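Residue numbers (my numbering), protein chains in the order written: chain F, 5 to 84; chain W, 45 to 461; chain R, 2 to 237.
Be aware that a few hints might be false.
[Claimed, not checked] If you only want the chain W side, here are some residues facing chain R, beta carbon under 8 Å, derived:
hint, residue
1, 77
2, 94
3, 118
These are computed hints drawn from the structure, not numbers from a lab. None of these values were measured; they are calculated from a predicted model. C-beta: ideal position from N, C-alpha, C; glycine also.
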Amino acid sequence: MNEEIKVDKTLDLKGLPCPMPILKTSRGIKEVEIGQVIEVLSTDPGSLADFPSWTRSSGNELLKTDQSGEVTKFYIKRLV
Amino acid sequence: MDQNTRNDLLQLFREKLNSAMTYYLETCTRCGICTEACHVYASMGQVKHISAYRHEIVRRIYKKYFKARGKVWPSVGEAKELNETALEELYESAYSCTGCRRCMVYCPFGIDTQMIMSIAKLLLIGAHSEPEILTLLADTSIEKGKSLDLFKESFMEGVKKLEKDVVKKWKMEAGETAIPMDVVGADLLFVALAGAHSIIPTAAVFNAAGEHWTLSFFEAVNFGAFVGDPTRTQLILDRILNEAKRLKVKEVCICECGTAFRVMKQLAADQPFKVSSITEVHARYIKSGRIKLDPSKLNGPVTYHDPCQIARNGGVFDEPRYILKHLTNDFREMSPEPKYNWCCGGGGGLVALGEDTLDFRMKSARVKADQIKTTGVTTLVTACENCHTQLNNLNDHYQLGVNVKFLTSMVADALMQ
Amino acid sequence: MDALYNFVLIYMVYFSVAVFLVGTTLRLVKIFRKPKQATSLQIYPEKRAKWLGAIYDTFLFPSARKHKPVLWVFLIVFHACLLLLIIGHLELFEEFKIFQLIPHEVFLGNGFLGLIFCVTLLYFLFRRLLSPVRELSVPEDYYILILLFLIAIFGSQMDWARSWYGYEEMVVGDYRTYLLNLLTLKPEVPYNVLIAGHSFMLVVHVFFANLFLIFFPFSQSMHSFLSLPMNKLRRG
Ligand code: SF4
Ligand code: SF4
Chain F
5 MNEEIKVDKT
15 LDLKGLPCPM
25 PILKTSRGIK
35 EVEIGQVIEV
45 LSTDPGSLAD
55 FPSWTRSSGN
65 ELLKTDQSGE
75 VTKFYIKRLV
Chain W
45 MDQNTRNDLL
55 QLFREKLNSA
65 MTYYLETCTR
75 CGICTEACHV
85 YASMGQVKHI
95 SAYRHEIVRR
105 IYKKYFKARG
115 KVWPSVGEAK
125 ELNETALEEL
135 YESAYSCTGC
145 RRCMVYCPFG
155 IDTQMIMSIA
165 KLLLIGAHSE
175 PEILTLLADT
185 SIEKGKSLDL
195 FKESFMEGVK
205 KLEKDVVKKW
215 KMEAGETAIP
225 MDVVGADLLF
235 VALAGAHSII
245 PTAAVFNAAG
255 EHWTLSFFEA
265 VNFGAFVGDP
275 TRTQLILDRI
285 LNEAKRLKVK
295 EVCICECGTA
305 FRVMKQLAAD
315 QPFKVSSITE
325 VHARYIKSGR
335 IKLDPSKLNG
345 PVTYHDPCQI
355 ARNGGVFDEP
365 RYILKHLTND
375 FREMSPEPKY
385 NWCCGGGGGL
395 VALGEDTLDF
405 RMKSARVKAD
415 QIKTTGVTTL
425 VTACENCHTQ
435 LNNLNDHYQL
445 GVNVKFLTSM
455 VADALMQ
Chain R
2 MDALYNFVLI
12 YMVYFSVAVF
22 LVGTTLRLVK
32 IFRKPKQATS
42 LQIYPEKRAK
52 WLGAIYDTFL
62 FPSARKHKPV
72 LWVFLIVFHA
82 CLLLLIIGHL
92 ELFEEFKIFQ
102 LIPHEVFLGN
112 GFLGLIFCVT
122 LLYFLFRRLL
132 SPVRELSVPE
142 DYYILILLFL
152 IAIFGSQMDW
162 ARSWYGYEEM
172 VVGDYRTYLL
182 NLLTLKPEVP
192 YNVLIAGHSF
202 MLVVHVFFAN
212 LFLIFFPFSQ
222 SMHSFLSLPM
232 NKLRRG
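For reference, chain F alone in the conformation it holds in the complex (with noise of 0.2 Å):
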C-alpha cells in the first residue's frame, strides 16, 4: 500500500489508557463525511487488536495500520 492516503482529519489519542481510543475515534469519525478518511495516533498497543475489530463491528474501513514508529498510525475510511 504505497500510494499515498488523503487525510481529512487527525485524532491524537496518544498516551490515552483504554476504552478511550475507540470512544474518541468513534466520535471523531462522525466529523468528517463518508467516505473521507480519518488518521488515528496511538501508543496504545491494545488498540491493535482494537481497531480492526472495531472498524468490523462499526462497519467503516481500516484502510492502512503503520506500526513502524513509536506511535501507531490507522488509516480509517468512514463508511457509515
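Once you've looked at the hints, dock chains W and R with the ligands against the given chain F.
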C-alpha cells in the same frame, strides 16, 4: 410504544424473573433503611436516587404486568404502564446507579439493586435506548474474539515494543521473553487491559517472581456487563475462557479491573482453572518470598480505595492491605469497615461513557471526595482501572492533592533486584 | 344484625383463611420453583456460619439497628408483639404447655401488648408521612398499617370492654366454643358472643383481620417468608 414492542420488552423482563429476582421484586417494604446507603443520594440528596426508589421504578412495571393485582387493583401499588416515559425513568435510574451494592448491605432483606437495575438495562437494550457507546464497545470486544487471526501478528509486534520497558523495571535472564504470549501449557494466563500501563508493571512482577505466564490476546474489561446484556457479557467472557482452555493454563489472573474480575469469578465458577485477581497473586508472591519489596520508595500517608466489584462484591479485602503493609508504614483506612466503603462513583459503565457523565460523576461522588480528604493522605491507591480514572477526575475536580496510583505499579516500582 | 354477624364471623372467615392459606402456599411454591440464580449474590467479607448468619439477619435486623436505631427498636417491638399476639390467638384454641413457660392467662398483658403494637404502628405511619419515606411509599404500605391498626385496637381493647361488665361476658370459654365450631365445620356463633354489649368490637376486629388475610399473599407482607432466603443469598 406499540403493543408488539411492549410484548417483546415484557418477554425480556420475564426472562429475568428467576427466584432471586422475584424475591427482590416482591419484598421491598419501602422502609427507607437504605436511604443513606447510596452515594448519589448522600451527595445530591434527591429522592430519586435512593435505592428503593430506583427499584420501585422497575417494580411498578412488574406489578402491572406480572402480578394479578396489576389487573384487579393497580393503584394499590402504583403499578405503571411500560411506555416511553417509563423507559426514560428506567434510563435515568439505571445509569445513575453504579451497581456498587452498598445499599444491599443496608437493606434488612439484602435486596440487590444492581440486579434489579439489570432488568432496566435489558429493557433499554430491547428498546434500543441504551447508551450506544457501550454496545459499540461490547461489539468491538466480541468482534475481536472472532477475528483474532486478523490482528494477532500486529498485536504481538506491538507488545514486543513494550518489552524494553519491562526489562528496564526488571532485568531478565538472557533467553527469556519479557512478555510471553500464546504459550501452551503456561501456569497462568494474565488478562490485561488493552493498555501499556496495565501490561508493563505486571510483566515485570511476573518475571521477578519467576512465573510461567502468558499474556492474553484479549482485554479483561467486559462492556457487555456494563450495558447489562447477558448475551454479550457471555460472548466477551467466552473469548478468554476459550483461550484459557486452548493454552491449558491452571490459573486465569485478571488485571486491575473490577467488573472483569467479578464477572469472571462468577461466570467461570466451574472451569478447570482458578480465577484470581492480580492483587491476590501479588500477595501470594510476597507471602511465599517470591518477590521482595522495598518499602523506602513511598513517602507520606497512604490509603486504599476498595473497588466495589473486587472487595464488597468479590471478596478481596485483605490482600491489598497485606501488600501495602510491605510498602508503607503509614497506611490509613478510609472507611471503618471496608464493606461500607463508598463507591468511587464511576462504576456501571459511567466512566466508560466519558465526558458525557463527568458532571454527574463529580457531583454524585462528593461523599467519596470528602472521605478521601478526611484521611489526609498524599497517596491514594486502588486496584481498578475504572476507579482509577474516576478518582483522578475527583482529584482534579475537588482539588484533593493526592497522587492516585495503581497497586500493581507500586509493587512493580518497589521490586528489589 | 345476626345475618351480618354470621357473615363476618363465619363465612367471611372461611373465605379469607382459605385465600390466605391457598394464596400464600401457591405463590410461595410458584416463586420457589422459578429457576435458581446461577451466579453468587454474596456480599463479602464472608463469614463461616452462613445459615446462622442468615437467620440472625432475618430475625434481628442488625443492619436496621446499625443505621436506624430508633426504627429498629420499634421494628423489634412490633415483630415481638406480633409473635406474642399470634401465640395468644393460638391459645384461644387450646392451652399449649410450651407457651406456659412464663405462666400467663390467655393474652399476655391483657390488651397491653395490643396497645404497644398500635403505638409502633402509629410510629410507622408517622414515619411514612415524612420525607423521604413518604416519597418511597405506595398506597399498599399505608393500607397495611391502617388495617393492622384497626385489627389490633379493636381486638386488644375487648379486654378493657369486658371490664365494663365485670369480666362476666365473652369469656375465654366462649371464644373456644366459637373457634372450635369453626374448626369442626359446625359453624355457629355462640349465643354469648352475639349478645354481649361489646360484640361489635369482635365483629370489627374479625372483619379487618379478614381483609388483611385476603390481601396478605399479594402484598409486601410476603416478606415474612421471603426474608430468610434473601438473607441467605446475601450471606452466600
Ligand atoms: S432497605 Fe430494603 S426493604 Fe427497606 S426500602 Fe430499602 S430496599 Fe426496600
Ligand atoms: S448499587 Fe450503589 S449506586 Fe446503585 S443504588 Fe445501590 S448504593 Fe446506589
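Hints versus structure:
no.	hint	in the structure
1	77	holds, 5 Å
2	94	holds, 6 Å
3	118	violated, 10 Å
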